Amino acid sequence: MATKRETPLLDELMTGPWPSFVKEIKLSADDGKDAASDLLGVLEKSYNERIGHWKHGGIVGVMGYGGGVIGRYNDLPEEFPAVAHFHTIRVNQPSGWFYTADVLRKICDIWDKHGSGITNMHGSTGDMVLLGCNTDALEPVFAELTEIGFDLGGSGSDMRTPSCCCGEARCEWACYDTMAACHDITMHFQDELHRPAFPYKWKFKFSGCSNDCVASIARSDCSVIGTWSDDIQVDDAAIKEYADGKQVDIAQDVVRLCPTGCISFDGSKLAIDNADCVRCMHCINVMPKALAPGKERGATILIGAKAPIIGGALLASVMVPFLPMEAPYDDLKELAEAIWDLWGEHGKNRERVGEFIQRIGLGNFLEQIGLEPTPEMVAHPRTNPYIFFELGEEDGEE
Amino acid sequence: MATKRETPLLDELMTGPWPSFVKEIKLSADDGKDAASDLLGVLEKSYNERIGHWKHGGIVGVMGYGGGVIGRYNDLPEEFPAVAHFHTIRVNQPSGWFYTADVLRKICDIWDKHGSGITNMHGSTGDMVLLGCNTDALEPVFAELTEIGFDLGGSGSDMRTPSCCCGEARCEWACYDTMAACHDITMHFQDELHRPAFPYKWKFKFSGCSNDCVASIARSDCSVIGTWSDDIQVDDAAIKEYADGKQVDIAQDVVRLCPTGCISFDGSKLAIDNADCVRCMHCINVMPKALAPGKERGATILIGAKAPIIGGALLASVMVPFLPMEAPYDDLKELAEAIWDLWGEHGKNRERVGEFIQRIGLGNFLEQIGLEPTPEMVAHPRTNPYIFFELGEEDGEE
Amino acid sequence: MADRKTDIGPPHYEKFLPPIIKANYGKWKHHEIVKPGVLMHVGQSGDKLFSVRAATPRLVSTVTIRLFADIAEEFCDGHLRWTSRNNVEFLISDSSKVDPCVARLTKEGYPVGGTGPGITNIVHTQGWVHCHSAATDASGVVKAVMDELFPYFNDKKLPAKLRIAFACCLNMCGAVHCSDISILGVHRKAPVVNHEQMNKMCEIPSTVAACPTGAIRPATVDGNQSVEVIEEQCMFCANCYTVCPAMTLNDPINDGLSIWVGGKVSQARSEPMFSKLAIPFIPNEPPRWPTTVAAVKNIVEVYAAHANNYERMGEWIERIGWPRFFDMTGIEFTKLHIDDFSHAGETYQRSVHFKRV
Amino acid sequence: MADRKTDIGPPHYEKFLPPIIKANYGKWKHHEIVKPGVLMHVGQSGDKLFSVRAATPRLVSTVTIRLFADIAEEFCDGHLRWTSRNNVEFLISDSSKVDPCVARLTKEGYPVGGTGPGITNIVHTQGWVHCHSAATDASGVVKAVMDELFPYFNDKKLPAKLRIAFACCLNMCGAVHCSDISILGVHRKAPVVNHEQMNKMCEIPSTVAACPTGAIRPATVDGNQSVEVIEEQCMFCANCYTVCPAMTLNDPINDGLSIWVGGKVSQARSEPMFSKLAIPFIPNEPPRWPTTVAAVKNIVEVYAAHANNYERMGEWIERIGWPRFFDMTGIEFTKLHIDDFSHAGETYQRSVHFKRV
Ligand code: SRM
Ligand code: SRM
Ligand code: SRM
Ligand code: SRM
Ligand code: SF4
Ligand code: SF4
Ligand code: SF4
Ligand code: SF4
Ligand code: SF4
Ligand code: SF4
Ligand code: SF4
Ligand code: SF4
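Protein chains in written order, with my numbering: chain A, 1 to 398; chain B, 399 to 796; chain C, 797 to 1153; chain D, 1154 to 1510.
Derived from the structure by calculation, the hints contain no laboratory data.
Given the structure is predicted, the values throughout are model-derived calculations rather than measurements.
It is possible that some hints are incorrect.
Straight-line distance between alpha carbons at most 25 Å, and here's what the computed DMTMM-like set of lysine to aspartate or glutamate pairs gives [stated by the list, open to error]:
1. Lys693/B to Glu735/B
2. Lys246/A to Asp951/C
3. Lys985/C to Glu639/B
4. Lys113/A to Glu869/C
5. Lys693/B to Glu1424/D
6. Lys638/B to Glu1424/D
7. Lys823/C to Glu241/A
8. Lys1182/D to Asp432/B
9. Lys801/C to Glu351/A
10. Lys269/A to Asp236/A
11. Lys511/B to Asp432/B
12. Lys504/B to Glu1185/D
13. Lys1342/D to Glu390/A
Model the full assembly from the supplied sequences, consistent with the hints where possible.
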C-alpha cells in the first residue's frame, strides 16, 4: 500500500473545472502505486521549494534498441525511494491515436503490473508515454507490449515516432491517406526508429491538408502536407445555400479573407481564380459543404522544422512542391534515404537537418540529393550578390 | 590640342536616341582637353580587351581635408600620359541640385582651366563630380571653388555629402523643409564632412515623404523621411471630381491598393481610418488634388542603410518614429552625435553603423545613446527565447 | 530469447476503427459542430459520425484510462481516440447516445468542449513531474490557466481558434514557438558548475562547443579540470546542461515563466507564424501561478474584444500593429523584447509602415 | 595661406531658386504631368511652374553644361536643376516657353521625358571610365540599354514607375540593391595575388580579415610574405581588393553582368524591397552588350504586358509568384538563384503558400 503524503499545495490543484493531474496521480497512489505516492511527495517538495528534483538520465533501455526509453533519477532517492528510478517508456501509438476499450485495458494491465500507473496520453511527439518505472521493469514491459502488438517509439538521435492527423478516417479535407502513410513509413523504417544512427533526431509528421492539425510544419524534420494540383471543387447549389443562409457572410468571411484575393462572388455565384490560389484552405474551412480540395491530390513535402535549440526555431521549407502520395510511398522513402545518407555523412553531432541544409546551402543540398532546384522552394531568389560561381568548360579560364 | 584617337568601338555608342557619353568625352577632347582624348584611348582599349585600366588610388587631397578627392592612376601612363593621374573632385552640390546658368558657367571655367572638362552631374551620393585631373590641379581648383562659394564633398570614413529631394521647393507633399534641413546639417557638420574620423562612411539623406525620391531608406546611414502624425487631409469636393472624372477609378486604384485596407468609398465620399493608415502615400499619390498629408508634420528618422559589402545590404530601421523637423534641428543633431560617439568608440574599422547596431544589438544601442525602446522600432518582438536577462536588485540572487 | 519480438511497430490502426469509419473512410462529405465539443461528420453515404471530445489533463492514470474504456463501451462499442492536443474523443454512430455520453463525461469531471473558435487543451510537457531541465512545473500551470479560461473551452466563442502551448524550458517540447499564446519556462541564472564532477560526468570540449555564445571556457578550478562561464555572455539557453549534467541552471528564485503571442501553424489565410515575446518574466508562483494566469487571461480578453471573426491572435496583432498590442494589453515594451540573436536585424522596423498607437 | 577658405560648405540653395519657387515655397497645392517630361506644379496662389525634364548621360562635358546654361537663360531666366536620377530640369514660369524649350532640348539631343509611369534615367556608376574595381563599363551599358528602352522614357507608359540602376561591382555605388531592374557587374574569378607586391602594398592581417568567407590565409610564396586564396571558398566579393591593391579580380573573360529584379525604395503601397537575382551571368559584350540589352528588354516587356496599374515590378512578381516570373520570362532558375549567404534560410519557402506556374 502506497504511503499517504500530505500535499497541501498540490491539493489546491484538485479544485476547478479543468480535470486535475493531481487527482490522476492520487488515483494511481490510491490504486496502490508507491511510485505515484512518492511522485506526489517530490512534486509537493518542488512546489514548496520552486525547483525540480530530477537528475539527468543515464543510458537505460531495452536490449537491442537504442531508443524508446528516457532514463530518469530522483536526486532524493532516500526520501523518495519509489521514484529513485523513474524512467519513461515511449510506446508507438497507432496512427491517428485510435484505440478500442479492449486494447487500452491490456495496456493498463501491463502498466499497472510494472509501472507507476501514470501515463501521458500522449507525449508531444505522439507516443503513448508510460511515465515512471524501475530499470528492472523495462524488459518485462517491452516483452508484454510486443505480445499485445505494441512496440516502442523513438528517442535519441533516431527517427522519432511519426504521427499524423486522423485524415481520411474522419476528415473530408484529407488530400491523402495520412494514417496509411504514417503507418507505412513507421513500419518501413523500424530500424531507423529503434537504433539511433543519425546526427540528431528526425521527425516525420503527416497532415492531410494545410490546416496542419499535427503542427507538422513547425515540429517535424519532414512535414508531409496534403494539397491538390487542380482546381478547388465548387458546388454551386451549396454556395447558394450559404448565400441564402445566415451563418456565413461570403463577401466578408470568405472573399475578403482569401490571402490572394482570388475569389469573386456576385451574390450568388462564386468563382475562384485557381492560378492565384495558394491552397491555404480558408475558403474551404468556412464553407465545407460547398467547397472541397481539388481532385488531383497529393502532398507538399517540406523539410527541416525544429524548436529553437540552438540556432533558432525553423519552420520546414518546401522540398517537393507536389508529390502524389500513393502506397508504397517509394518517392518519399527514397527522398528520406537520400537525405539521411547525406546528413548522416556530413551532419554535425546534434545538428538537425534544417540547420544542416542552411549550413551547406539549399542549392548544394539539392545537388547532393539529386533534386532539381525550382522556384517553389524559395520565397524569393537571393538578394545578395555573393554568388559562388562554378566555372564550367565553356567559361574558359585565361 | 588633344591627340585625335581612333575609337571604332566607342563610336558605335554615338548613335541611338539616348544622349551619348562618348559624344560628351569627344566634346571635351575637341575642346582641347588632352585628358579627355586620352580617356577615349583608354576606354577604347578597355572595350577591346574587356578589362579596366585604372589602378587603386593613393592618398591625394587638398590641404587640411581628408576627403573630397578620389585618387586615381592609369596603369598605362606611357601610352596615356594625360590620364596618368586622373583624380576626381567631389564638389558639394547645393541642396536640391538647384543652379543658375551663371554659377554653372563659373564652375565650367574652373574645370576647363584645370581639369578634363568632364563631369558627372551628379555622383550617386549627390556631389557634383569633377572627373579627372592632375594632382597639381587639386589646390588651385579648391581655391577657385571656394572663391565662388563652393566647397568639397565627402569621401573616406567621414560624413558624406548629404542630399535631399527638392521638397518644399517644388513638391506639394513635402512634410518638412528637406532643403533647409540638408543645408543646415551640411553646414553644421563641416568638420565631420571634411575630416574623416569615423569607423566608416556616414550618409544623411532627406526625403520629404515616404515616396523617398532620394532613396534614403536604402542608401543612407541616417534617413530622414517626412511624415505626419494626424489625419490625411481630404478635400471632399475634389474627391467628387475624381469620382466623376475618368482618370482615376477610386475603388480599383485607391481603395483596393491601400496596403492596410483602411479607406472606404461609397461612390462619392471617401473615408480614411487614419489609425490604421501607415502613411504609405499611395492614395495621396493617385489623387494629389484631393488628398494631402496631415497638418502635424515632421519626419521619421531611420538609421543604418547600406549596400551589401560586406555583411549584406541593409535598409534603414526606425530610430525615432516621429520628430518635428524645426530649425535648428537640435534633436537630429544630438541624435547623430550620440550615435557617432558610441560608434566612434566601439565601431570596428569599416563597420557601417547599421552593422554596428546589429552586432551590439538594438536594445543595447538604444540604452547607450539614451533612447527609450518602443515597439515602433521593431517589425515584431523577438521570436527566439535567448534573452539576456539582466538581474536587478529585486531579483535577489540566491 | 529466440522468440523475442522486436521491430514489430505499432499495431495497424485499422483494427481500432469503428465500422462507420471503415465504411466512410476517405469518403466524408462535410462536418458541423453540433454543439461545443460535439462534431458531426457526414459521409457521402449519408452516414453520420458523432465525435464527443472531452478534456483530459494529459497526465492520466490507468484508473482513468479504464474509465474511458468503460464509457466508450457504453456509448460507442468501445471506440475512442485521442487528438493531437490530448483530448479524448468518443466516436459515436448512434445519435441518441451523444447527449448521454456528454452527460456522463461531464459528471466524471472530463468536460466536453474544445471544438471550433475557442480554446482547446494546452499542448504541454513534463515540468517538475519528470524533467531535469524544467524551469517550472508544466501540469500545474496548465491546470491553473485552463481553470480560468474554462468558459472558452466549452461555452464562450472567440474570434477564431486560440491555441495555447506550454514548455518548461527552452528545448520547447511543446510547440510553443508557433502558438497563439505560449507559456515558456525560463532560467535567468548562468549555469552553476559542479567543478568536482565536471571532468567525470562531461566531456569538456563538447561542453565548451555546446555554448552558442561562447560563454564557456575551459578552466582549472580548485585543481579540477573544469570550465568557467562568463556570466554576461550567458543567455540561459541550457544547451550546456543538456550536454553536461554538471552545469545546472535550475534556481528557485530566478526561474520563472515568459509569455509569447501570435504564433500559428495552420496555413489558413496567413502563412505559419512564430510566437513573439510579450512578457519576458513572471516568477514561479505555485500552486496556482496567479500572475501568469492573469497575464494570459488579459491577453485573451483583449483579443476577444477586438479581433475580427476568423482572425487568429497573430493575424489580429499584424493588423493592429505591435504598438497597439502593447498599448491595449498594458504590457510594457522593453529592451528585452528587441531581438539580439543571430538574425536580429531582420526584426527591426525597416519601413515607415508602422501603425501608431 | 592666411586667407585660405575652408569649411564654407555648399552655397545656400536660396540663391539659385527662381522667383516662382521662392514665392510658392512650401505652398504647392498639386501637380500634373502635362505631357511626357513636363510637370506642372500649381501653387496655393494659383501660380504655375513648369518643369521640363531632359535626359543626360550623366557624364557631361563642360561644353554641354554651358549649353544647358544657355538654354536655361533662353527659356527660364537661367534657372535649372538636376534630379536625383541625373536628369536636368528647366524651371519655367511662362507657359508659352514650354514647348519651345522641349523642342530645343530635343534638337540638341537631350530628349525630354522620364516622368510618370515609365522609365527614367539609369542611376549608375563609373565603370571603365574611372574605377579600378569595375567588372564592366557603366556608361556604355547604360547607353545601350536606354537606346533600346527609349520609348518608355518619353512615350510609352508602363503600369508604374520602373527604376533601373547599374553598378559595376559588388560595392554597388548605384542603388542596385533596391531597384525594379538592376544590372550589376560581377567577377567570377578568385583574386590573383601579386606576391611580390603584396607585403609592400598591403597589410597582410587586415587583408586576411577582410575576407568574409575566410578564403584568404597568410602564406609565403617564392620567398615573399604573402597570402593564398582558397578558390572554392571565394564568392568574388572583391572586399580583399578594396583593402589591398595587390589582389585583383578583374578578368576579361570571367567578368560580366548579372540582372536583378523587383526592388523598390518608395513606400507607396508596399514596403521597400530588395532586388532579387534574375540572371546570374551575362558576358561583357562591348560596345553594345546585346545579350544584356535583350534580357532587360524581355523583362520590361513581360512586366508591361502583365502587371496591373500602379504595380511596381516587385509587387507584380509578389502577386504572381516567382515560379510564374521565371516561367513567363523564360529565364532559367538554377542553384545560383538560391541564397547561400548568412541569412539564406530566411529565403526558403516556409509555407505551402506558393503559386503554381
Ligand atoms: C516527453 C516529451 C515532452 C512531453 O511531455 O510530451 C519530451 C521530453 C524531452 N525532450 Fe523533447 N520531448 C517531447 C517532444 C518534443 C517536441 C515536440 C514534437 O516532437 O512535436 C519538440 C519540438 C520539436 C522538435 O523536435 O524540434 C522537442 C524538442 C526537444 C529538444 C530540442 C530539439 C531541437 O532541435 O531544438 C530537446 C533537446 C535535446 O534533444 O537535447 C528535447 C529533449 C527532451 C528531453 C529528452 C530532455 C533532454 O534534455 O534530454 C525530455 C525528456 C523529458 C522527460 O524527462 O520525460 N526535446 N521535444 C515529448 C516526447 C514525447 C513523445 O515521444 O511523444
Ligand atoms: C563616385 C561614386 C559612383 C558614381 O559614379 O556616382 C562612387 C565611387 C566609388 N565608391 Fe561608392 N561611389 C558613389 C556612391 C556610392 C553609393 C550611393 C550613395 O551614396 O547613395 C553607395 C551605396 C550606398 C552606401 O553607402 O552603402 C556606395 C557604396 C560603396 C561601397 C560599399 C560600402 C558599403 O558599406 O557597402 C564602397 C566600398 C568602400 O567603401 O570601400 C564604395 C567605394 C567606392 C570607390 C571609392 C572605390 C573604392 O573601392 O575605393 C569608388 C571610386 C570610383 C572612382 O574611381 O571614381 N562605394 N557608393 C559615388 C559617389 C559620388 C558622389 O559623391 O556623389
Ligand atoms: C482532432 C484534430 C486532429 C487530430 O487528428 O487529432 C483536429 C480536427 C479538426 N480540425 Fe484541426 N484538429 C486538431 C488539431 C489542430 C491543430 C494542431 C494544434 O492545435 O496543435 C491545428 C493547427 C493550429 C494552429 O494553427 O496553431 C489545427 C488547425 C485547424 C484549422 C485552421 C484554423 C485556422 O483558422 O487557423 C481548421 C479549420 C477550421 O477550424 O475552420 C481545422 C479543422 C479541423 C476539423 C474541422 C477538420 C474536420 O473537418 O474534421 C476538425 C474539427 C475541428 C475542431 O475541433 O473545431 N483545424 N487543428 C485535432 C484536435 C485537437 C484538439 O483536441 O483540440
Ligand atoms: C525630381 C525627383 C526628386 C528630386 O528632387 O530630384 C522626383 C520628383 C517627383 N516624384 Fe519621385 N522624384 C525623383 C526620384 C524618385 C525616386 C528615387 C529614384 O528613383 O532613385 C523614387 C523612389 C523609386 C523607387 O521606389 O525605387 C521616387 C518615387 C516616387 C513615387 C513612388 C512611386 C511608386 O509608386 O512606388 C512617387 C509617387 C508617384 O509617382 O505617384 C513620386 C512622385 C514624384 C513627384 C510627382 C512629386 C511631386 O509632386 O512633385 C515628382 C514628379 C514625379 C515624376 O517624375 O513622375 N516619386 N521618385 C526625382 C526625379 C528622378 C528622375 O529624374 O527621374
Ligand atoms: S490536417 Fe486537414 S485533413 Fe487532417 S484533420 Fe486537419 S483539417 Fe482534416
Ligand atoms: S484556398 Fe485560400 S488562397 Fe485558395 S481560394 Fe481559398 S481562401 Fe483563397
Ligand atoms: S520625396 Fe516626397 S516630398 Fe520629396 S520630392 Fe518626392 S514626393 Fe515630393
Ligand atoms: S497613405 Fe497608404 S496606408 Fe494611408 S490611407 Fe493612403 S493608401 Fe492607405
Ligand atoms: S521543455 Fe525542457 S524541461 Fe520541459 S520536458 Fe522538454 S526538455 Fe524537459
Ligand atoms: S546556458 Fe547557454 S549561453 Fe549560458 S553558458 Fe550554457 S550554453 Fe552558454
Ligand atoms: S560600383 Fe564598384 S566599380 Fe563601380 S564605381 Fe563603385 S566601387 Fe567602382
Ligand atoms: S573576393 Fe571576397 S571572398 Fe574572394 S578572397 Fe577576396 S574577400 Fe574573400
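Going straight from one Cα to the other, do Lys511/B and Asp432/B come out at no more than 25 Å?
-> Measuring from Cα to Cα gives roughly 12 Å; hence the hint holds.
If you draw a straight line from the CA of Lys801/C to the CA of Glu351/A, is it 25 Å or shorter?
-> 32 Å, violated
Distance restraint between Lys504/B and Glu1185/D, which requires alpha-carbon spacing of 25 Å or less = 34 Å, violated
Does the alpha-carbon distance linking Lys113/A and Glu869/C stay inside the 25 Å limit?
-> 23 Å, holds
Pairwise hint evaluation, Glu639/B against Lys985/C, where the allowed Cα distance is 25 Å at most | 66 Å, violated
For the pair we were handed, Lys246/A and Asp951/C, check the Cα-Cα distance against 25 Å.
-> 21 Å, holds
Straight-line Cα separation of Lys693/B and Glu735/B no greater than 25 Å?
-> Judged against 25 Å, a Cα distance of about 29 Å means the pair is violated.
CA of Lys1342/D to CA of Glu390/A, is that 25 Å or under?
-> Since the Cα atoms of Lys1342/D and Glu390/A sit roughly 9 Å apart, the hinted pair holds (cutoff 25 Å).
Satisfaction of hint between Asp236/A and Lys269/A, Cα-Cα up to 25 Å = 7 Å, holds
Given pair status - Glu1424/D, Lys693/B, alpha carbons within 25 Å = 24 Å, holds
Take the C-alpha atoms of Lys1182/D and Asp432/B, compute the straight-line distance between them, and say whether it is at most 25 Å.
-> 50 Å, violated
Does the alpha-carbon distance linking Lys638/B and Glu1424/D stay inside the 25 Å limit?
-> 29 Å, violated
Going through the hint list in order, the structure does not satisfy hints 1, 3, 6, 8, 9 and 12.
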